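There are 2 protein chains.
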Amino acid sequence: MDLAQAREDLKKLQLKMAAYDHAVGLINYDGETSAPEGTADNRALTLGVLSGEMYKFNTAQETIDLLEYLEQHQDELDEKERRQVFLLLKSIRQLRKIPMDEYIAYQSLLVKSQDVWEKAKNNNDFESYRPYLEEVYATVKKFAAYCAPDKDPYDYWLNEYEEGMSMKFCDDFFGKLRERIVPLLKKIEEKPQIDVSFLKGDYPDDKQEELALYLMEVMGLDPEHVGLSTTEHPFTTSLGSHHDERITTHYHRDDFVSSLYSVVHEGGHALYDTGSADDLAYTVLDGGVSMGVHESQSRFYENIVGRSRGFIKFITPKLKELFPERLEGVTPEELYRAMNRVQPSLIRTEADEATYCLHVMVRYELEKAIMHDELQVKDLPEAWNKMYKEYLGVDVPDDTHGVLQDSHWSFGAIGYFPSYALGNAYGAQFLAKMKESVDVDACAEAGNLAPINDWNREHIWKHGALYPPKELIRNIVGEFSTEAYTTYLEEKFGEIYDL
Amino acid sequence: MDLAQAREDLKKLQLKMAAYDHAVGLINYDGETSAPEGTADNRALTLGVLSGEMYKFNTAQETIDLLEYLEQHQDELDEKERRQVFLLLKSIRQLRKIPMDEYIAYQSLLVKSQDVWEKAKNNNDFESYRPYLEEVYATVKKFAAYCAPDKDPYDYWLNEYEEGMSMKFCDDFFGKLRERIVPLLKKIEEKPQIDVSFLKGDYPDDKQEELALYLMEVMGLDPEHVGLSTTEHPFTTSLGSHHDERITTHYHRDDFVSSLYSVVHEGGHALYDTGSADDLAYTVLDGGVSMGVHESQSRFYENIVGRSRGFIKFITPKLKELFPERLEGVTPEELYRAMNRVQPSLIRTEADEATYCLHVMVRYELEKAIMHDELQVKDLPEAWNKMYKEYLGVDVPDDTHGVLQDSHWSFGAIGYFPSYALGNAYGAQFLAKMKESVDVDACAEAGNLAPINDWNREHIWKHGALYPPKELIRNIVGEFSTEAYTTYLEEKFGEIYDL
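Taken in order, these protein sequences are the chains called W and C.
Each number in my numbering corresponds to the 1-based position in the first sequence with 15 added.
Each number in my numbering corresponds to the 1-based position in the second sequence with 15 added.
Just so you know, the hints here were simulated from the structure itself, not pulled from any lab data.
It is possible that part of the hints are untrue.
Here are the simulated DSS-like pairs of lysine-lysine, each with C-alpha atoms no more than 27 angstroms apart in a straight line [stated by the list, open to error]:
(1) C:222 / W:127
(2) W:112 / C:31
(3) C:27 / W:26
(4) C:328 / W:27
(5) W:71 / C:71
(6) C:26 / W:71
(7) W:31 / W:112
(8) W:222 / C:157
(9) C:134 / C:31
(10) W:71 / C:31
(11) W:112 / C:27
(12) W:328 / W:450
Nothing here was measured: the structure is a model prediction, and the numbers come from that model.
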């Protein structure tokens, strides 16, 4: 093999992977957005074939030979190529440990599982979904055993979503959060509650869509490359490269705030993805480095920017223009307080910042228990409801508003949820650093997010997956710590609730 | 090789083809429906990779060996397998004559070409589209020379869309149509024109969508397996199999009739595709046999059923419910006459039945001239306008309403248009036959299309591509003839215009 050719082949290999990812990603996206209801079996067949093809060329001896040759010549590669080879070898060596037929069967299972989950959620019917969820859990356990037989299976998956994450890390992390958040919530509870009654009303989809497109424009998302659609559970996906990005939202007729913050959250993911340097496109470095860093961006825009006093003041005229009947006479300050009301509640994606991490902890504890056979999937609804009572003090009325609310498990994302909490903590550290050079509050109030975007692009987005998360964080803020986050929460809500 | 294994491999090969078709079809569908504006280059890269993969496994020696083995054992195969092997070998032998890099480059070209066409149409800018169209024409000529060096290139492509079609056939066919249609139009011209002024108005998209969904229901399309979306140019596509079918339409704010008949037309295609017997799914026999037969179904529902007195009477209450201001006081008979007004016009898809084939003939003559280097693409707009004046007597105001109106050339469909006219003729023959056992008028007036659908399913749909078009037609109506069609037109419009 000759080095120049091998470098060319490395490019080709990644372009091929990107093309298949595009196809598979779009088939899934279509399933969530436009596909007729009865087409999941058809998608499962296609995804079975395509994932088999991907498995074959990924794990082919010639692929391994190419990557190992490049690994041996890594001193002659540039920094990006070195990281590409490292990441590819890591994932391919793992993939080779999973038998092909089991890998394919799992991809087909996930299509069905997502389809059944969505129907189960709409019909409050956990039982129909249970067998699929059992199989998903059984498979992720089995795959962990194949890939890392000496490792705890849950640790294996945590580390997949965030290099370096483990139960030890999470227990410590969540412990620190709890230490500061629980007393904060206690103090808030003793204060008079904020009025949010004026938020409830009748908000037609087309007005909510107009708001969504307006927010995407304010955020600086490029309409030539970022699309908007609607789904049961909002998400973001890149198709083939960061040049084609899609975000989704969900319009609730009686509540415009839900879609508003879904759009800003998913828009944050999309800014991160589309902010990758152009020469990362069609390589494994394109897009975000980890789910933790990804959530740091989505939750940064959703909360630190989107739920700031300045930003809410900025969007108030637009909200009044779109929803004049409901919001007449409401002041920006009243909106700010309403949109930041702290109230233990049922739905994670709509939780306030102070209680949010408790929702994540519930999921973390439940995943951990199932992964260690201390809890069975059939007992999940009961355990869920019990923990919501214990952690958040709320009674779960039905599984739709309980264990069925999130799509993640249906597509096999076990070990993902802690990333959301980690993202909150990263985000607060980024904010502290950003404030050294950017007047974040003034930008938010002016609706001028360009300086914020530029900072994030320069420090985070453009690097894609070039640096491992730990290194990226270290380069930007030094050591990881929860301090910035808990202090942010205490200051923000201390002021709002006059603690 | 062993026969049982070979039959199994034949199934697998076709499932694999279906999966790639699903991916490629969806990427194209997405490009027309949801993708952000600036993503065509990204799609072109992915489709380049996927079409290369398809080319490779289609033309692989092991594929040929398998099919030739089965061809040798065709007496031991069932009828369906025999036809599968025949069709596969035919297309693969052809594909092998096209160099892979040229094949891939062409797939990428088509993505760009469609993207540029759409923008060019919206901006009335033929010049921006010209280089792409030149390359499309150059490539189809080149491919014809590769695949059938001894055949006229335009004959080659005509035959691709309809087995057995040729210039000789078309010249004769169009000649016969002209002989009867031109005098008919002359007579109509002398009569007082029908009032259609009440059709023009303001029809919001959501009401038009409601009408579309209503029509799909009346037609008997299965909402579990047939989706509706919007595009610049309406079309129908199957994704992976007939279990996932999509139709599209286009809402014109000032004209509900356009989308109404787009939906019924595309719905006819979808009925045909989804009517394939279930055991044809994931084989090359799934869906329609040829574009001519396909158009016979779409135009049967659009015109013979959809523009019948009975059907228009049936949908009048729904139209009045959706568009009360415009249609108050209008009688079903007035609607019937308005929707059947004969008037030479600019846009093929909105043409009445009597002038429709003239639009097709213009395209046929132009394609023929370009394919034989008697006309250059750069001179197409002028030639188009001249022929519209000559054939239809209308002045084309701009290319948007002229040469840019159809999407077909942008995706390489040269030789397709005659299928529309052929479909009209087939349809009239089917109607005559159908009337022997089904009271078509009564069904249409009752909005009960089940007996019509059952007849079509039994005679046409369920067979998929099992019988070549000529054989299918022969089995149903005996010999092909234009007589039924021209008689149908003369009777229908003779009555309407009191000729």
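Evaluation of the provided hints:
no.	hint	verdict
1	C:222 / W:127	violated (33 angstroms)
2	W:112 / C:31	holds (24 angstroms)
3	C:27 / W:26	violated (30 angstroms)
4	C:328 / W:27	violated (60 angstroms)
5	W:71 / C:71	holds (15 angstroms)
6	C:26 / W:71	holds (20 angstroms)
7	W:31 / W:112	holds (22 angstroms)
8	W:222 / C:157	violated (51 angstroms)
9	C:134 / C:31	violated (34 angstroms)
10	W:71 / C:31	holds (14 angstroms)
11	W:112 / C:27	holds (25 angstroms)
12	W:328 / W:450	holds (20 angstroms)
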